[in-house]
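2 protein chains.
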Amino acid sequence: MKNRVTETFGIELPIIAGGMVWCSGWELASAVSNAGGLGLLGAGSMTPEILAEHIEKTRAVTSRPFGVNVPLMKPDAPKLMEVIAEKKVPVVFTSAGSPKKWTSWLHERGIKVAHVVASSKFAAKCEEAGVDAVVAEGFEAGGHNGREETTTLCLIPAVRRATSLPLIAAGGIATGEAMLAVQALGAEGVQIGTLFALTQESSASEAFKRRCLQLNEGDTKLLLRKLSPTRLVRGGFFDAIEAAENRGATGDELLEIIGTGKSRLGIFEGDLENGELEIGQVASLMCDSEIEPVEKVVKRLVDEYRNALSKLTANN
Amino acid sequence: MKNRVTETFGIELPIIAGGMVWCSGWELASAVSNAGGLGLLGAGSMTPEILAEHIEKTRAVTSRPFGVNVPLMKPDAPKLMEVIAEKKVPVVFTSAGSPKKWTSWLHERGIKVAHVVASSKFAAKCEEAGVDAVVAEGFEAGGHNGREETTTLCLIPAVRRATSLPLIAAGGIATGEAMLAVQALGAEGVQIGTLFALTQESSASEAFKRRCLQLNEGDTKLLLRKLSPTRLVRGGFFDAIEAAENRGATGDELLEIIGTGKSRLGIFEGDLENGELEIGQVASLMCDSEIEPVEKVVKRLVDEYRNALSKLTANN
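Going down the list, the sequences are from chains B and S.
If you read the first sequence in numbering that gives the first Met the number 0, its first letter stands for residue 0, the second for the next number, and so on.
If you read the second sequence in numbering that gives the first Met the number 0, its first letter stands for residue 0, the second for the next number, and so on.
Simulated from the structure, these hints should not be mistaken for lab results.
Quick caveat, the model's predicted, so the values are computed rather than measured.
Treat the hints with caution; some may be incorrect.
Stated by the list, open to error - According to the in silico footprint, chain B covers these stretches of chain S (three or more CB under 8 angstroms from chain B):
hint, stretch
1, 260-267
2, 270-276
3, 300-313
What the hints assert, rightly or not - No farther apart than 25 angstroms at their CA atoms in a straight line, the calculated lysine to any residue pairs in the SDA-like style are these:
hint, chain 1, residue 1, chain 2, residue 2
4, B, K120, S, K208
5, B, K225, S, E252
6, B, K225, S, E241
Cβ coordinates follow ideal geometry from the N, Cα and C atoms, glycine included.
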């Protein structure tokens with residue numbers, strides 16, 4: 000499973016754990032890195048001080064490469080970047096902004112950069128910006144999402160044509176079969192969110208994890224198109240947003256319903272009724288699963304991938 | 000490429016051309032069957048008399064198996080079925096209704112039956128109904144779509160678990176790489192719409208085909224969730240629906256905007272401004288392609304599939 004993605008980041012397996020708000024703390028990031036993948040800290044829900052603490056704790060329990068995901072629209076992104084550089088984190092995944100903004104700055108400090116996109120247009124901009132790898136994330140993904148609503152199956156081949164960069168597929172990938180499928184489409188690695196958000200090491204509340212492991216098909220939907228399209232899990236918060244959208248609520252009216260601190264309330268504190276719950280569509284494929292440790296999950300991914308490859312070869 | 004799908008329908012390649020309204024007449028169906036796949040007539044836009052004519056014309060130019068797609072919510076579905084039985088069509092693909100309704104009736108007449116679903120729940124119902132194969136169609140697909148909005152990448156593994164029936168993947172498949180990808184997920188064949196809708200043999204207007212070959216990512220969207228979710232192409236009709244939905248229009252108000260005969264107007268007559276244009280999301284991957292003959296398209300699919308398989312094997 001060695002390729003340009005594993006070489007770029009100095010890892011064993013081309014499996015990256017998405018840096019998810021309220022899920023991706025030091026426990027999850029270090030567990031994924033220790034299992035041979037690349038763990039990312041989710042700075043989207045961290046202050047610079049908290050991020051510094053999580054970087055230190057990650058480093059204390061793994062000697063392997065790890066990274067930080069920084070949503071560039073976050074007002075304190077510059078301070079987060081300073082912490083990352085000061086602490087000599089080897090990898091940064093940027094999202095929700097222009098890849099031109101930070102790539103050179105990070106490269107000057109010896110830090111590898113991947114940028115998350117949802118279209119081939121932005122993938123081409125990544126190449127211009129000189130990033131080391133591009134993550135193409137489809138409509139299936141949880142949380143914030145692209146306006147084009149392009150699914151992973153349609154997006155990966157489009158991004159593959161648009162850039163020669165190492166390509167990491169994201170959105171809808173929770174099995175080794177799906178890893179093989181996106182490889183057939185031209186991806187060289189995967190960024191996995193949902194599956195890792197629901198492991199033992201994820202810092203999400205147990206209530207959130209249990210709820211997400213009981214979802215049926217159709218229990219997550221992309222809403223908030225008038226603001227920033229976001230995939231949410233059904234529940235009180237979801238219902239309020241959906242009802243408002245159905246009656247034609249404006250962006251401002253939606254902002255008022257959303258209020259502040261709702262993703263912390265839902266994901267971290269486990270208030271399933273009033274909180275904002277974000278997970279990928281693929282959660283329904285994990286319905287009735289246990290909350291498992293990362294090591295077991297990564298081993299299964301690799302086994303599934305190898306078995307699927309053998310089967311595909313034998314059938315052809 | 001022989002498997003349960005090719006055996007079930009007596010065809011060479013596990014490639015089925017979706018029976019699409021205003022696209023899938025005798026020219027397209029016979030061309031796909033003659034190329035080794037399974038061509039379907041789209042009875043959704045045909046009267047029983049017109050269907051009878053298309054069956055005769057198909058049979059006049061191919062001795063290979065072909066079929067008819069019958070949307071079961073169509074008021075004249077019983078009459079269409081009578082025509083199909085009378086003309087001894089070997090295969091029927093049913094959609095938009097219960098698979099229990101017609102399967103036995105068709106089987107008694109020696110006709111093979113596949114049913115189209117958008118969820119694993121309905122796939123299980125297909126197995127109970129005794130259909131010969133199930134088509135699982137994801138969110139990417141053009142036209143009418145499932146309420147769950149499950150993408151092909153998430154849907155195929157779910158349906159694969161829910162049924163042991165021969166499984167045909169649909170939605171987002173326009174290349175041999177995508178054929179290989181859905182095979183990795185457990186599919187044994189593909190139903191392809193968009194790619195065939197834009198061939199020379201499709202009965203859609205040239206204006207429609209040319210417009211669909213100029214789409215960028217994000218130029219089709221799923222709208223009409225308050226009625227029957229439908230993937231539409233941007234244009235005057237799309238804009239009117241989208242604007243109405245954004246201001247909270249009810250289902251009745253949307254019905255009034257839609258009026259009647261709009262898909263014929265858009266797809267068949269080529270009125271890109273006032274007509275309803277339906278195509279899959281994957282059209283953007285075909286941007287700037289030529290309008291090609293079916294034979295060339297099918298040959299390319301097979302070549303791409305074989306090359307992708309060799310590449311996947313060599314890289315592992």
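Going through the hints against the structure:
1. 260-267: This one is violated; 0 residues, fewer than the three required, reach chain B with a Cβ under 8 angstroms.
2. 270-276: Coverage by chain B is violated for the stretch 270-276 of chain S (0 residues, Cβ < 8 angstroms).
3. 300-313: holds (count 4)
4. B/K120 x S/K208: 23 angstroms, holds
5. B/K225 x S/E252: 21 angstroms, holds
6. B/K225 x S/E241: With Cα atoms ~12 angstroms apart, B/K225 and S/E241 stay inside 25 angstroms; holds.
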